Every structure is written in C-alpha cells, then in structure tokens.
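So the protein sequences, as listed, match chains L and B. So for the first sequence, my numbering puts the first residue at 1; every next one is plus one. So for the second sequence, my numbering puts the first residue at 1001; every next one is plus one.
Accuracy of the hints is not assured; some may be wrong.
What the hints assert, rightly or not - Below, a list of computed lysine-lysine pairs in the BS3-like style, where the Cα atoms sit at most 25 Å apart: (1) L/K156 x B/K1159; (2) B/K1009 x B/K1119; (3) L/K47 x B/K1075; (4) L/K156 x B/K1085; (5) B/K1119 x B/K1085; (6) B/K1159 x B/K1119.
Unchecked claim - Partial chain B-side listing against chain L, Cβ under 8 Å, derived: (7) R1023; (8) L1025; (9) D1040; (10) P1142; (11) F1144.
Stated by the list, open to error - What the simulated footprint calls covered on chain L by chain B, stretch by stretch (three residues with Cβ under 8 Å from a Cβ of chain B suffice, anywhere in the stretch; the number is not a length): (12) 67 to 80; (13) 132 to 144.
No lab work stands behind these hints, which were simulated from the structure alone. Keep in mind the model is a prediction, meaning the values are calculated, not measured. C-beta atoms are modelled at their ideal positions from N, C-alpha and C, and glycine is treated no differently.
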Amino acid sequence: MGMTMTQKILAAHAGLDKVVAGQLISAKLDIVLGNDITTPVAVNEFKKAGFESVFDKDRVAIVLDHFVPNKDIKAAEQSKTCREFACSHCVSHFYDVGKMGIEHALLPEQGVVTAGDCIIGADSHTCTYGALGAFSTGVGSTDMAAGMATGMAWFKVPSAIKFNLTGKLADNCSGKDVILSIIGMIGVDGALYKSMEFTGEGVKTLSMDDRLCICNMAIEAGAKNGIFPVDEVTNKYLDGRSERTPVIYEADADAEYEKVIDINLSGIVPTVACPHLPENTHPASELHGIKIDQVVIGSCTNGRLEDMEAAYNILKGKKVADGIRVIIIPGTMQILRECVERGWYTAFIDAGAVVSTPTCGPCLGGYMGILAAGEKCIATTNRNFVGRMGHVNSEVYLASPHTAAASALTGYITEYKEA
Amino acid sequence: MNTQGKVFKYPDNVDTDVIIPARYLNTPDANELALHCMEDIDTEFVKKVQEGDVMVAGWNFGCGSSREHAPLVIKTCKTGCVIAKSFARIFYRNAINIGLPILECEEAAEEINAGDEVKVDFDTGVITNITTGKTYKAQPFPDFIQNIIRNGGLLKSLKEGNGNG
Chain L
1 MGMTMTQKIL AAHAGLDKVV AGQLISAKLD IVLGNDITTP VAVNEFKKAG FESVFDKDRV
61 AIVLDHFVPN KDIKAAEQSK TCREFACSHC VSHFYDVGKM GIEHALLPEQ GVVTAGDCII
121 GADSHTCTYG ALGAFSTGVG STDMAAGMAT GMAWFKVPSA IKFNLTGKLA DNCSGKDVIL
181 SIIGMIGVDG ALYKSMEFTG EGVKTLSMDD RLCICNMAIE AGAKNGIFPV DEVTNKYLDG
241 RSERTPVIYE ADADAEYEKV IDINLSGIVP TVACPHLPEN THPASELHGI KIDQVVIGSC
301 TNGRLEDMEA AYNILKGKKV ADGIRVIIIP GTMQILRECV ERGWYTAFID AGAVVSTPTC
361 GPCLGGYMGI LAAGEKCIAT TNRNFVGRMG HVNSEVYLAS PHTAAASALT GYITEYKEA
Chain B
1001 MNTQGKVFKY PDNVDTDVII PARYLNTPDA NELALHCMED IDTEFVKKVQ EGDVMVAGWN
1061 FGCGSSREHA PLVIKTCKTG CVIAKSFARI FYRNAINIGL PILECEEAAE EINAGDEVKV
1121 DFDTGVITNI TTGKTYKAQP FPDFIQNIIR NGGLLKSLKE GNGNG
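Can you build the whole structure from these sequences, using the hints too?
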C-alpha cells in the first residue's frame, strides 16, 4: 500500500522510506513559527528548560500580529519579550510593526515557507501552508519551544480523507465557500487527527489565494493538516519567491484513504456559517433577513489580495448601509500597499469603510472591532464560537469576501449577484 | 497517580476561546489567566472548583485555537483530570506536553453527571464513579506518550533524552 502526500513528506523528514498511519515518528522541521501570544509562553518554557540557542536562526519565524500595534501595556510587554528573544538569538525571520503581516498571509508571501516543507507553528491556522504542497500543522507553545531548541518534533502519522474536486467555482464564490461547505458537510471534528488531501481536475481552477483559504480552515474540521498537490499554479506562485528550493511530493497512486469525498466546485453556492460553530452552514440566499451591525473583511483566512479585490469590486462607487460599521484589514504590508497603489484604499474610504494596518485584531476578539451584547457581525474570519469577537451574547456569521461586502451595502446578510 | 473530586460537566465542542477568552491573552501569567477559566460558558467554575475535581465533556474538547493557555488554566485551577469522548488534536498534544492529565472514554463521558464524585487512576485508566458505583476503563496512552508524561512534560523529557524517539 502506498503513502499519501502528507505521509511522504513526513517519511522524508523522519529519514524513513515508509511510514504508516498511526506510527509515531520524530521529524526534522524546516520552519518553526510563533506569534506575539504564543511566543512569550514558548520563550518562558525554552528558558526554564535551560536551552541556550535556537537550532537554526534562519528556520525560526516570529511574527507579531495578534495585538499589534500593541493594544495595551500588557500586549506591549508580550511583544517586547518576543523582540528581545528574536534579537538575542539573531532570528532572521522576525517581523515587527512596519514589516509584519498576519502570519499566514505573510510567510507564504515572503517565500519563508515552500513546497515539501515540514512546518510547525504555535498557531492553529499554521495548516494554511498546505496550499503550497507542504506539511504544516498547528501546535502549542511547548512544542514551539522544543522545535526551536532541537529542530525536531514528534508526530503521529495521520490517515487521510481525499477530497476529489471537479468543476469550477461560480464568479460569486471563492475558496471560503468551498471550505465552509466541506465543514458543513463533515462537521467540526469530521477530519479529527487526519489529513485533508485535495486533489482532482478541479484543483487547477483554484487560485493560490483560494487554496490558502481552504487549507487555512482545515483545522475547523479538526484536521491535522490540509494539503494541495503542486501544479502550475503553485510553481508560478513560488517562482522567484521561495527562499529555499521547493521539493515536490506526490501521493502514491495506491495510497490508502479513509474516505473519498467528491466535491463538484460548480455546485458550490455562497455559504455562511451561522453562530456558534463553523459547521452550522447555510446558503447565504436563505439568510437574507438577518440584520447585521458590523462587517469584517480580513484575517489569515481572507486578508489576501484577491479578497481585497472582491471587496473593492463590490464596494467601489457605492455606500455601505447606514448604521453598519465596515472594517477592512489587508493581511500584510505588501497587500496594504497594493490597495493604496491600485486606488482600492480610497474606494473603501469613499464607500464608508475603515481600513486598518494588518492585525488579527477582531477575529479573536482582541481589539479593532469588538462586538457589544446582542450585536451581529458578518466576517471573513474563521471562527464563530461564543464570545469569539466580543460579548458572549454577540454573534459572528462566517462568509466569503463577496458575501461580506454585498452584506455591507444592504445591512443584511446578502448573497452577491453580479449586476 | 490518582485524582478524586467533583464533576463539572460540559457539552460537545468546548472550544479554547471559552476555556480562556482571547481578550485575556495579553499576559502569559498562568495565575492571572486562570481567574477566567471557562468564564464564557460557566461563570461558577472558578468559584467552585477544588483541587482534584474532574471536568467531563463530550466530543472534540478543546477545539479551535492552539493556545496552550487553555490546558494551562485548567491545570492551574488544580483540576485533576479532563475526561472527554474525544479531544481536538492540538489540545490533546498541549495537555500531554504540559502535564495536564486527560482521558478519552465515551461511555464515562456520556454517563457521568455534573456533581458526581469521581476517582481516576491514571496508571490503569480506570474511572470510578463513586456516586453511582460504576467503573469505566479509558483508552491507555501509547508508551511513547506515557514516557513524556512520566518525565513531567515534553521539555523535561527532551532533557532526559527520551522525548524525541
């Protein structure tokens, strides 16, 4: 029996010819990542354990993105801990204000992560980089500390669910509608401990931003990782961007999957996950009566250039509905700069939206758009748990940039239809 | 290793945002964070929990964010153990790495009620509901993971040279 794409990457990094699902291995890491919330805990553990140096100063990435520019004194102290650690260990991929972006938008954009990599990050959405054909998974701060010290991590080799994609998305749909539909279908623990391997003819119709969005929310189905094969779209994206040479792995033809699920992209409709679980999905067209107070377009899920473009195409020359707060957060400084260069920033302001510097901010209820009791927000973020964006009695509806922007114009959850 | 205490019962899909809301994550201080453990779904937990008490929950406990602060606050509240039908994978990993005892046992998680007195033996995986007299057997950890737990967590295990096998 052959190996899945994930198993092949893990075997190579464990120095083994073959691994099987359930096997415990120790694998070599290409990148170890942390942010301003998880790194201080890791630094503390690193020091407590008596480690003196990181395994490779070029293979550790520390991104200040959750609460920066610092929202308060305590957050500033956490950033300071990260900054001092990065400085004292000469961490080359340290991203502070002015250079930072939302980590999972930033690392692929900057070419820090690439195809064939084995990556851990102390952030659950580290699974995003599977879009590039890498094995990448979220861990906690202690694993980050151990990874920084040794360059190794232990894994239980996952089994996999294969998603066979066919067809092509409609113009008012994007990767977000695909992954929300899948989570709605299999549930928030539908892929628990497993890989989600995306394959099939439909893959080539998906842009890199779509794929990054789809892999980003693999964790919302409980998955260990999500992964796409490397194709022309991947190579074009990585070319001239990757710091290291990409390595291409392919699933064996006789790889074993726990399940194969067929997804016809042509049948995907604009989808919204209602409170308080990402699996609580409905077609946007069935939710038109729900009045909203706030719209957030951004996050590691949907803060990329295509997301900004979708928002621009819908909001340009229009006005957001009265009484609606619209917050747009480009994912990285480069994306923010593009929004300025292309005139999108001005169009957003003219429409009545505000534009922030990159931050995770409202997605996790940190700052920059916290909800009061009883308020509803449609957001392109990734979680709609109780209290996720503010008060325990507030509500978050997860949607694509198309649906969020269309809703900003009406004040109600609205499916986008091209005029 | 054992624990014995009263049960706090929770539903399926308890996420790390309700275990410790992100609005408090501007500090890594475990004692400060622990004051808000479970706050968004159970404001009474922090007031009532006593050393050795047991959390019992449904499927997918600890889903969502990778924040290690979540198992850390549960441990800092002196909770003796979490029993669930299943755990989200990052929470599972983090709990082992920081030394919070957890057990997967569907039957126990289904039948044990809030307020029951429960005793847990980690060496054997036997869960005894003292209130009802019924016993359950949880899935034991693989040896590799038991080794990490015996060594007192991942980093201590690495220092001992046993954690990367």
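Here is how each hint holds up against the structure:
no., hint, result
1, L/K156 x B/K1159, "holds, 21 Å"
2, B/K1009 x B/K1119, "holds, 15 Å"
3, L/K47 x B/K1075, "holds, 21 Å"
4, L/K156 x B/K1085, "holds, 19 Å"
5, B/K1119 x B/K1085, "holds, 17 Å"
6, B/K1159 x B/K1119, "violated, 32 Å"
7, R1023, "holds, 5 Å"
8, L1025, "holds, 5 Å"
9, D1040, "holds, 4 Å"
10, P1142, "holds, 7 Å"
11, F1144, "holds, 5 Å"
12, 67 to 80, "holds (count 7)"
13, 132 to 144, "holds (count 6)"
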